[in-house]
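Chemist: Protein chains in written order, with numbering that gives the first Met the number 0: chain A, 0 to 835; chain B, 0 to 224.
Don't read these hints as lab results, they were simulated from the structure.
Values in this document were obtained by computation on a predicted structure and should not be read as measured data.
Among these hints, one or two may not hold up.
Subject to a maximum C-alpha distance of 27 Å in a straight line, what follows is the list of computed BS3-like cross-link-like pairs (lysine-lysine) [stated by the list, open to error]: (1) K824/A to K62/B; (2) K734/A to K189/B; (3) K824/A to K158/B; (4) K415/A to K62/B; (5) K748/A to K57/B.
So these bits of chain A aren't anywhere near chain B, every CB distance computed over 12 Å [to be verified]: (6) Q80; (7) A420; (8) T739; (9) L801.
Distance windows between CB atoms, simulated [to be verified]: (10) H199/B to K382/A: 29 to 35 Å; (11) S142/B to T303/A: 22 to 28 Å; (12) M802/A to H11/B: 49 to 55 Å.
Think of the CB as a built atom: it goes at the ideal place given N, C-alpha and C, for glycine as much as any other residue.
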Amino acid sequence: MKNNNGAVIRRLTGRSLQSNKKRNFFIITAIALTTLLIASVFSIGMSLMESMKMQETRLMGTVAHAAITQPTASQMEQLNQLNYVKAAGTGNNVAFVKTTPQMGDMNLSLHYFDKTEWEKLRAPAFTDIAGSYPQKENEIMVPLWVLERLGIENPSIGMEIPLSYYTENGNNGALVNEVFNLSGWFTSYMYIRSGNIDSILVSEELSQEYGKTAEANGSASVLFDNSSRVLEYCEQLKLDLGLSETQKVKIVPAFDVDPGDMRTTLIALSTVIAFLIFTGYLLIYNVLYISVSRDVRFYGLLKTLGTTPKQIKRVVIGQIVRLCIIGIPIGAAVAFLLSFVAVPLFLSNLGSIATGTVVSFSPLIYLGAALFALFTALLGAFKPAKKAASISPIEAQKFTGIKINKSRVYSSVNGKPYKMAFRNIFRDRKRAAIVLLSLFLGITTFITITTLITSMDTDNYVASYLESDFMLQNNTVMVGYPEQKFTSAFMDTIKSLPGFESLRVTTLEWMRLDYSPDEFGEYVDDYIKRNNAEGLTEQNIYDNFTGIIAGIDREALTELNKTMDKPIDIDAFERGEFALIATNTPNLFENVDELTIFPMVCTSESGMQERPGSEPIKVPVGGFVPQSFGKICRSFAPNVFVSNTLMNAVYGEPIVLKLHIDVAQGYEEQALDTLKQITDEVYEVSRQSKLEAQEELRASKIMLYILGGGVALILALIGILNFVNVMSVGIVVRKQELATLECVGMSRKQVRRMLVSEGLGYAVITLFFVFTAGNAITFGIFKLFQQQATYAIFTYPFIPVLMASLAVLAICIITPENAYCSIYKSTIVERLREAE
Amino acid sequence: MPVLSTQGLKKHYGKEPHIVRALDGIDIAVEAGEFVAVVGMSGSGKSTLLHMLGGLDKPTDGKVIVDGQELAKMSDEQLTIFRRRNVGFVFQSYNLVPILSVYENIVLPIELDGNTIDRAFIDEIIDTLGLGEKRDNLPNMLSGGQRQRVAIARALATKPSILLADEPTGNLDTKTSQDVLGVLKMTSTKFHQTMMMITHNEQIAQLSDRVIHIEDGKIVREGRS
Numbered sequence: 000m001k002n003n004n005g006a007v008i009r010r011l012t013g014r015s016l017q018s019n020k021k022r023n024f025f026i027i028t029a030i031a032l033t034t035l036l037i038a039s040v041f042s043i044g045m046s047l048m049e050s051m052k053m054q055e056t057r058l059m060g061t062v063a064h065a066a067i068t069q070p071t072a073s074q075m076e077q078l079n080q081l082n083y084v085k086a087a088g089t090g091n092n093v094a095f096v097k098t099t100p101q102m103g104d105m106n107l108s109l110h111y112f113d114k115t116e117w118e119k120l121r122a123p124a125f126t127d128i129a130g131s132y133p134q135k136e137n138e139i140m141v142p143l144w145v146l147e148r149l150g151i152e153n154p155s156i157g158m159e160i161p162l163s164y165y166t167e168n169g170n171n172g173a174l175v176n177e178v179f180n181l182s183g184w185f186t187s188y189m190y191i192r193s194g195n196i197d198s199i200l201v202s203e204e205l206s207q208e209y210g211k212t213a214e215a216n217g218s219a220s221v222l223f224d225n226s227s228r229v230l231e232y233c234e235q236l237k238l239d240l241g242l243s244e245t246q247k248v249k250i251v252p253a254f255d256v257d258p259g260d261m262r263t264t265l266i267a268l269s270t271v272i273a274f275l276i277f278t279g280y281l282l283i284y285n286v287l288y289i290s291v292s293r294d295v296r297f298y299g300l301l302k303t304l305g306t307t308p309k310q311i312k313r314v315v316i317g318q319i320v321r322l323c324i325i326g327i328p329i330g331a332a333v334a335f336l337l338s339f340v341a342v343p344l345f346l347s348n349l350g351s352i353a354t355g356t357v358v359s360f361s362p363l364i365y366l367g368a369a370l371f372a373l374f375t376a377l378l379g380a381f382k383p384a385k386k387a388a389s390i391s392p393i394e395a396q397k398f399t400g401i402k403i404n405k406s407r408v409y410s411s412v413n414g415k416p417y418k419m420a421f422r423n424i425f426r427d428r429k430r431a432a433i434v435l436l437s438l439f440l441g442i443t444t445f446i447t448i449t450t451l452i453t454s455m456d457t458d459n460y461v462a463s464y465l466e467s468d469f470m471l472q473n474n475t476v477m478v479g480y481p482e483q484k485f486t487s488a489f490m491d492t493i494k495s496l497p498g499f500e501s502l503r504v505t506t507l508e509w510m511r512l513d514y515s516p517d518e519f520g521e522y523v524d525d526y527i528k529r530n531n532a533e534g535l536t537e538q539n540i541y542d543n544f545t546g547i548i549a550g551i552d553r554e555a556l557t558e559l560n561k562t563m564d565k566p567i568d569i570d571a572f573e574r575g576e577f578a579l580i581a582t583n584t585p586n587l588f589e590n591v592d593e594l595t596i597f598p599m600v601c602t603s604e605s606g607m608q609e610r611p612g613s614e615p616i617k618v619p620v621g622g623f624v625p626q627s628f629g630k631i632c633r634s635f636a637p638n639v640f641v642s643n644t645l646m647n648a649v650y651g652e653p654i655v656l657k658l659h660i661d662v663a664q665g666y667e668e669q670a671l672d673t674l675k676q677i678t679d680e681v682y683e684v685s686r687q688s689k690l691e692a693q694e695e696l697r698a699s700k701i702m703l704y705i706l707g708g709g710v711a712l713i714l715a716l717i718g719i720l721n722f723v724n725v726m727s728v729g730i731v732v733r734k735q736e737l738a739t740l741e742c743v744g745m746s747r748k749q750v751r752r753m754l755v756s757e758g759l760g761y762a763v764i765t766l767f768f769v770f771t772a773g774n775a776i777t778f779g780i781f782k783l784f785q786q787q788a789t790y791a792i793f794t795y796p797f798i799p800v801l802m803a804s805l806a807v808l809a810i811c812i813i814t815p816e817n818a819y820c821s822i823y824k825s826t827i828v829e830r831l832r833e834a835e
Numbered sequence: 000m001p002v003l004s005t006q007g008l009k010k011h012y013g014k015e016p017h018i019v020r021a022l023d024g025i026d027i028a029v030e031a032g033e034f035v036a037v038v039g040m041s042g043s044g045k046s047t048l049l050h051m052l053g054g055l056d057k058p059t060d061g062k063v064i065v066d067g068q069e070l071a072k073m074s075d076e077q078l079t080i081f082r083r084r085n086v087g088f089v090f091q092s093y094n095l096v097p098i099l100s101v102y103e104n105i106v107l108p109i110e111l112d113g114n115t116i117d118r119a120f121i122d123e124i125i126d127t128l129g130l131g132e133k134r135d136n137l138p139n140m141l142s143g144g145q146r147q148r149v150a151i152a153r154a155l156a157t158k159p160s161i162l163l164a165d166e167p168t169g170n171l172d173t174k175t176s177q178d179v180l181g182v183l184k185m186t187s188t189k190f191h192q193t194m195m196m197i198t199h200n201e202q203i204a205q206l207s208d209r210v211i212h213i214e215d216g217k218i219v220r221e222g223r224s
């Protein structure tokens, strides 16, 4: 026969809860903190994923999955019929904007999108869209960054913008000068990825005027109904549309995801969650276990009266579930509020998101966190529940809540309060271990996080990628319209900078290397393989074996020489006796002893040509430098480095690409101010400075401090809560014992000294482990971290550690004081009688 | 001169009309070496009397004089120190300190006072009470009777002016009770120790030199046994 005893169990559960207010507070706090931490981890994870996804879309400039080149009208019709195609639009190129030197390094085209393409596929990848898509022939819609380069800070609808453009590629076709009206603008992110390639949008009318169509000059972009089946659908498309041989289906690169990366992230996330669950578990378990121990008589009584072990378990588990109902929403709500502030901060400080962040409020975050927190709580409740259920009613009657594991002692306390305190700490070894572990984990996490953050040496980090205090670069070289920006007059200004110490010049010109298969065969084969550039004849190679020749100063090599197996003879280099080839695989050049260099010139009008009036020179190969040396882009022929002396001899006045400027210590700020004045308005010149880079880093370091410190503090708080609970409960349970001590003549001062010594004992033991094992762990984690962040220098956070230690000591002293005061509210006689 | 005496001792709880007169004018005098039993029903006020005599509680009115000193005039701190030098307690529930060994429990009051231990005397007590083998054990390894003997030894250790025992056999079976009472009686004689024992059991009280009967906070009868 089944009887319904749910009601009485519920009542017992409820009453139990009511009588344990302090314990409830601890458990609710533990649950809320666990929920908060897990939800924050989830929230950051989800937001990061969504932000990265959004970033991909924005950098691609489209939400489409794939594009089909030169689609015919009938193919478009078919495309729109296909059931797996959600949307398809077309766009085509109309013209190529002639970049003025003022606009600097950029590559702009005039582009037309049809209605679907713009509204459904393009606009979602842009932000801050203002105005409307161009309708009239003379209307344009311009990305904001382009407007800025044009010198327009405050655009308005209808304002006039003059542009020059070529109607065909390669500066062919007619050059048209036209004054457009601005019909709208938007923030585009494409240029970040593509290296300043972007489009100005124009009307259908203009496109038609020049006879441009999608079939001839454009492509169709396609959005499928399922982003995980893009590859499959692309194959399907080829069959369904009957694409011609010249037509291609291109997948938008954002959808090639690396599963390896995802796995590492997943493992890292699981580790963090497991750690959070463990710390939460330690607290909840301990609090409940102590509570059950205190209520042994209550559970024993229940058993005497006929409550089954199963029902007692239900009473204990039921309490924790009810506390979860309070704790989890609190934690989730705090996490929700925090995510408005903390998540964007965290994401923007990761540095990998350049296109704005989204904060995810997916219900999955809170559902997941709630489940994990509930799991933690139940895990913590399970053993105490089992214990409550297994209590023998007879033993329970005699139970005093005082547990001793030992039977004999081998040392003497001599009535010294601190010695008694030490024995008290290890009265219940398991409990002592949990409290110590909990405190230890909390403090160690705190120290580890602060160590990692303080170890992120900003100066060292900046020095690892910036060679000099300041670097100025002439951007006209990169666009292909080289123009001497750093004239000798400019150099003189630089040399008169406050505190000026040294100036290093990198010059750059074009050259053609005399190609022969015997010498460069291996290199060219390798190049062709890497770049899928098949079908080149020997003549093609010979004609196009052009590349960059750069002139450098001797100082540029001094640093490099330190890391080289075969150091370069700098004096001979300086005299122009040999050239260096930039490569990571010098064995490809085994047969190259000497380079025959034909000086070339590259202009916007006529492209690459032999430099008029110059003779080829022969230079021996004197060594190799790494491919990335000097951070100069690469061409077909390998990059060649010679001394500036030689450059000047061959090219007369070569274009200066970069200036590396060092100033005396203490003058950085003044020099920066002066440089700002010289270069701020000049778009063709870009500037990098250690000072600015450091400031930027410092700001993000502070943010990391706040966020990392926050997490560490919460974990430390869990450890401390655990201690506070154990300590204060421990004292309350011993109320009668302490009263006895007073009866036999322990003065209050002595009782207090004993209790405070107990707290201090916990603190000292914890700190001992923190400073030995904990520091070893911190150092180990730092070593792992350093493999990723090579610029990190181990810096022990003495001040935070000192503060944390003092805080631990203070709490360990205050807690017993407090508990002591609370029991002294009742008189010794009352306390003596209480247990009887 | 009596070692212990009270004059018009009163202890009232609450206020009129709900006043509880736990003790209502008690006058006792105990001579040195005397073994006195106080007998009364549950709620008669006998425990309250013991607390007053031991300086654990303060009287509403009247005086408690132990060894010529009046307890009511002392501060808490002074009382504690007075207790550890002059009063020994034996409780029904033993009240041993669980983290201390038998020996440590016994000498605790002496050590708390910072005195050197009279080892010969302590050894004599331990031998007399038959605790020699259990010296280094923790209380959780002892039987009820043994625990109470440790409590008695602890009470004797400081050679107190008076030993107060509150239902010392309340938690013990008959045989063990006899045993413990025998020990009390024997030590009283052997160490010439003044003792006052509280009990509700007439038979046990008969072991003492003198029995005082209390009812409703008043002495109703007194006589030599």
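Chemist: For each hint, tell me whether it holds in the structure or not.
Modeler: Hints and how they fare:
| no. | hint | result |
| --- | --- | --- |
| 1 | K824/A to K62/B | holds, 25 Å |
| 2 | K734/A to K189/B | violated, 35 Å |
| 3 | K824/A to K158/B | violated, 32 Å |
| 4 | K415/A to K62/B | violated, 34 Å |
| 5 | K748/A to K57/B | holds, 20 Å |
| 6 | Q80 | holds, 86 Å |
| 7 | A420 | violated, 10 Å |
| 8 | T739 | violated, 4 Å |
| 9 | L801 | holds, 33 Å |
| 10 | H199/B to K382/A: 29 to 35 Å | violated, 43 Å |
| 11 | S142/B to T303/A: 22 to 28 Å | holds, 24 Å |
| 12 | M802/A to H11/B: 49 to 55 Å | holds, 54 Å |
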